[in-house]
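Residue numbers (our numbering): 1 to 195.
In short, the hints are calculated from the structure, not lab data.
You may find that some hints are simply not true.
As the list claims (entries may be wrong) - Derived lysine to aspartate or glutamate pairs resembling DMTMM-like cross-links, with alpha carbons at most 20 Å apart:
{"hint": "1", "residue 1": "K66", "residue 2": "D40"}
{"hint": "2", "residue 1": "K25", "residue 2": "E12"}
{"hint": "3", "residue 1": "K133", "residue 2": "E153"}
{"hint": "4", "residue 1": "K92", "residue 2": "E115"}
{"hint": "5", "residue 1": "K133", "residue 2": "E149"}
{"hint": "6", "residue 1": "K23", "residue 2": "E7"}
{"hint": "7", "residue 1": "K66", "residue 2": "E42"}
{"hint": "8", "residue 1": "K23", "residue 2": "E12"}
{"hint": "9", "residue 1": "K159", "residue 2": "E177"}
{"hint": "10", "residue 1": "K142", "residue 2": "E153"}
{"hint": "11", "residue 1": "K31", "residue 2": "E42"}
{"hint": "12", "residue 1": "K159", "residue 2": "E149"}
{"hint": "13", "residue 1": "K127", "residue 2": "E103"}
{"hint": "14", "residue 1": "K127", "residue 2": "E149"}
{"hint": "15", "residue 1": "K30", "residue 2": "D40"}
{"hint": "16", "residue 1": "K66", "residue 2": "D82"}
{"hint": "17", "residue 1": "K144", "residue 2": "E160"}
{"hint": "18", "residue 1": "K30", "residue 2": "E12"}
{"hint": "19", "residue 1": "K53", "residue 2": "D40"}
{"hint": "20", "residue 1": "K133", "residue 2": "E160"}
{"hint": "21", "residue 1": "K127", "residue 2": "E137"}
{"hint": "22", "residue 1": "K23", "residue 2": "D40"}
{"hint": "23", "residue 1": "K53", "residue 2": "E42"}
{"hint": "24", "residue 1": "K92", "residue 2": "E74"}
{"hint": "25", "residue 1": "K53", "residue 2": "D65"}
{"hint": "26", "residue 1": "K159", "residue 2": "D176"}
{"hint": "27", "residue 1": "K127", "residue 2": "E115"}
Predicted, not measured: the structure shown is a model, and the values here were computed from it.
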Amino acid sequence: MGRGKVELKRIENKTNRQVTFSKRKNGILKKAFELSVLCDAEIALVIFSPSGKAYHYASDHHTMDKIIGRYRREVGQLNSADQRSRLVQLWKSEIEKLARSVETMEARLRHLAGEDLSSLSIKDLKKLERQLKIGVERIRSKKKRLIAERINELKTRQKELQEENSRLKKTIMMYDEMAPTEAEEQCLWCIPTNY
Numbered sequence: 001m002g003r004g005k006v007e008l009k010r011i012e013n014k015t016n017r018q019v020t021f022s023k024r025k026n027g028i029l030k031k032a033f034e035l036s037v038l039c040d041a042e043i044a045l046v047i048f049s050p051s052g053k054a055y056h057y058a059s060d061h062h063t064m065d066k067i068i069g070r071y072r073r074e075v076g077q078l079n080s081a082d083q084r085s086r087l088v089q090l091w092k093s094e095i096e097k098l099a100r101s102v103e104t105m106e107a108r109l110r111h112l113a114g115e116d117l118s119s120l121s122i123k124d125l126k127k128l129e130r131q132l133k134i135g136v137e138r139i140r141s142k143k144k145r146l147i148a149e150r151i152n153e154l155k156t157r158q159k160e161l162q163e164e165n166s167r168l169k170k171t172i173m174m175y176d177e178m179a180p181t182e183a184e185e186q187c188l189w190c191i192p193t194n195y
């Protein structure tokens with residue numbers, strides 16, 4: 001009588017899970033041993049239990065370290081060479097893309113400066129003209145805004161200076177109305193005549 005298919009999902013019961021782990025671990029270790037004997041294969045098998053305990057198997061005539069070292073050399077060389085190749089291709093592609101972008105930007109700058117226009121079609125020239133008009137409008141708008149701000153600053157400064165001037169005129173008129181001796185006594189900023 002054959003066994004039915006087992007649904008592959010985590011076993012919730014901890015005891016059942018531990019029993020299943022133990023049985024299946026022994027089964028896979030047995031299969032690894034059989035494969036190494038029957039086929040003269042180099043096998044290294046490492047298993048960590050849910051509790052963190054390590055189990056391993058290595059073919060009789062090879063140690064675990066040698067097999068793992070060989071695996072690292074094989075996979076590492078392939079991966080590092082393959083990765084280097086892909087990385088070089090990626091950088092070459094990126095450099096080419098950036099070089100094309102630089103060429104395009106330099107050509108646009110020359111066109112905006114009115115140079116090298118012979119290669120442009122009528123459509124391109126009209127587009128360039130629109131871009132220049134928009135750019136000039138933006139520049140004029142910014143210039144007008146800066147001038148308006150400066151005018152406002154100067155008007156504010158003019159108003160402050162006019163107020164200061166009025167205040168000083170009133171002070172002078174007040175001193176002019178006073179008797180000369182009284183004005184001299186109150187005048188802190190008068191310079192003595194005996195210097």
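Handout entry: In rising order, the numbers of the hints this structure does not comply with
Key = 3, 4, 5, 9, 14, 16, 17, 18, 19, 20, 22, 23, 24 and 26
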